[in-house]
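A.B. asks: Protein sequences appear in the order of chains P and R. Each step along the first sequence adds one to the number in this note's numbering, with nothing skipped, and position 61 is 61. Each step along the second sequence adds one to the number in this note's numbering, with nothing skipped, and position 9 is 9.
Among these hints, one or two may not hold up.
Unchecked claim - Subject to a maximum C-alpha distance of 27 Å in a straight line, what follows is the list of computed DSSO-like cross-link-like pairs (lysine-lysine): (1) Lys242/R with Lys10/R; (2) Lys10/R with Lys92/P; (3) Lys33/P with Lys119/P; (4) Lys165/R with Lys119/P; (5) Lys119/P with Lys10/P; (6) Lys10/R with Lys165/R.
In short, the hints are calculated from the structure, not lab data.
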Amino acid sequence: MGAEIAYTQKRYGTTSMMAAIFIGIFFILLGHKTQAKGLILGSIFSVLNFVLMGEILPLIVGPSRKKSSFISLGSIVFRHGLLAVPLILSLKMEWLDFTATVFGLFMVQIMIMGDHLLKRFHRSA
Amino acid sequence: MDIDTQILVKSAAFVGAGLAMGLGAVGAAIGEGYTAAEANGAVSRNPELSGDIFKNMLVGQAVAESASIFALVVAILMLFLGVPLNNLLNGAALLGAGLCMGFGAVGSGIGSGFPGGQACVGIARQPAVTPRLTTNMLIGSAVCQTPAIFSMVVALMLIFMGFDKAPLGPTWAALVGAGFSTGLAAIGSGYGGGLAAGASCEGISRQPESVGNVTTVMLVGQAVAQTPSIFGLLVSFILLFKRFPESYELQSAMALLGAGLCMGFGGIGPGVGNGMAAEGAVKWVARNVKRSGELMRIMLVGQAVSQSTAIYAMVVALVLIFVV
Chain P
1 MGAEIAYTQK RYGTTSMMAA IFIGIFFILL GHKTQAKGLI LGSIFSVLNF VLMGEILPLI
61 VGPSRKKSSF ISLGSIVFRH GLLAVPLILS LKMEWLDFTA TVFGLFMVQI MIMGDHLLKR
121 FHRSA
Chain R
1 MDIDTQILVK SAAFVGAGLA MGLGAVGAAI GEGYTAAEAN GAVSRNPELS GDIFKNMLVG
61 QAVAESASIF ALVVAILMLF LGVPLNNLLN GAALLGAGLC MGFGAVGSGI GSGFPGGQAC
121 VGIARQPAVT PRLTTNMLIG SAVCQTPAIF SMVVALMLIF MGFDKAPLGP TWAALVGAGF
181 STGLAAIGSG YGGGLAAGAS CEGISRQPES VGNVTTVMLV GQAVAQTPSI FGLLVSFILL
241 FKRFPESYEL QSAMALLGAG LCMGFGGIGP GVGNGMAAEG AVKWVARNVK RSGELMRIML
301 VGQAVSQSTA IYAMVVALVL IFVV
C-alpha cells in the first residue's frame with residue numbers, strides 16, 4: 001500500500017512542479033513575474049497538500065475509530081490552514097498575483113485530470 | 001454612523017467567511033468519508049489490491065476536495081481583501097457571497113465522493129478495468145464540481161462588483177437573495193450529478209465493455225442535472241445586474257429576498273431528482289447495453305418532468321423580481 005501511494009505522490013508531485021516551473025518561466029519571459037511567482041508558490045502548497053494527504057492515509061486506516069476520526073479532522077484542519085498561507089501571502093504581498101496563486105493551488109488536480117484524459121485519448125486512438 | 005457602518009460591514013465579512021468555509025467543508029468531508037467507507041469494503045473484499053484501491057481513493061479524494069478549496073479561496077478573500085467599509089451594501093454583498101459559496105460547495109463535495117467510492121468497489125470487483133474506472137471517476141467528479149464553480153463565480157461577482165451607486169433599499173435584499181439562489185440550487189445539482197457518476201463506476205465494473213454507452217449516458221444525465229443550478233445562476237444574475245428603484249418599504253426588499261430563496265430551494269429537489277433518473281439509467285444501461293437508446297430517452301423524459309418544479313420556482317422568482 002505504502003509503495004503505491006508513494007509512487008502516486010512522486011508522480012503527480014513531480015509533474016505538477018515541473019508544469020508550474022515551465023509555465024512560470026513562460027510567464028517570466030513574457031514579463032509577468034508576479035503571476036509566475038504566484039503560480040509556483042500555489043503549486044508548491046498544492047503538492048504539499050497532496051503529499052500530506054497520502055502520508056496521513058495509512059495513519060487513518062490502522063488505529064481505532066476514535067483515533068482515526070481525530071487524525072482525519074486534524075488533517076483537514078491542518079491542510080486547509082496550510083493552503084490558506086499562500087492565499088493570504090498573495091493578498092498581502094504585491095509581488096505575488098492572487099489569481100495565479102489560486103490557479104497554482106489546483107495544479108495537482110489539473111495534472112491528475114490531464115494525465116487520465118491523455119491516457120483515455122491514447123486508448124481510444 | 002460611520003463607525004456603525006464599518007462594524008457592520010466587517011461583521012458581515014467575518015460571518016460570510018465563516019459560512020463559506022464552514023458549510024464548504026461539510027460537503028467535501030462527507031464525500032471524502034463516503035469514498036473512504038467504500039474503500040474499506042473494497043479492501044476487505046480483495047485485500048491483495050489494497051495498493052490500487054488506496055491509490056484510487058487518494059486521487060478521488062484530491063479531486064473531491066476541490067469544492068472546499070473554492071470555499072477557502074472565497075473565505076480568505078473576504079477576510080483579507082480589504083473591501084471598502086463605508087457602504088452597508090458591501091456588507092450585504094459579502095454575506096451573500098459567503099452564503100452562496102458555502103451552500104454551493106455542499107452538493108458538489110458530497111456528490112464527488114460517490115464516484116470515488118464506487119470506483120474503489122469496482123477495482124476490487126474487476127481489477128482489469130482499473131484505468132477505465134479511474135478515468136471515469138475523475139470525469140464524473142470533475143463534472144460534479146460545476147455547480148460549486150457557478151457558486152464561486154457569483155460569490156466573486158458579489159465581492160468584486162462595486163455597488164456604490166445603488167440604493168441601500170432594496171438592493172441589500174437582492175444581493176443576499178442572489179447568494180441564496182445559486183448557492184442553494186447548486187446543492188441538488190452537485191449531489192444529483194454525483195449519483196449518476198457513482199452509478200457509472202459501478203456499471204463499468206459490472207460490464208466493462210459497456211464503458212462507452214455508460215459514460216455517454218452519465219454525461220448527458222449529469223448535464224441535465226446541472227440545469228436547476230443554471231436557473232439559480234440566471235436568477236442571481238438578474239438580482240445582481242437589475243437596478244431597483246430606491247425603496248425602504250420592507251415588502252419590496254422581501255420580494256427580492258424571497259425570489260432568491262424561491263429559486264434556491266426550488267432547485268434542490270429537481271437537481272437530486274434528475275440525478276436519481278440519471279443514476280437509474282446509467283445503472284441499467286450497464287446491464288442491458290442494447291437498450292441504451294431507449295433507457296436514455298426514458299431518463300430524459302423523467303428528468304424533464306422532474307425539472308418542471310424548478311421551472312415553476314424560476315417563474316415565481318421572476319414574478320417576485322419583475323411584477324411584485
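A.B. asks: Looking back at the hints listed earlier, which ones does the structure fail to meet?
C.D. replies: Structure breaks hints 3 and 4.
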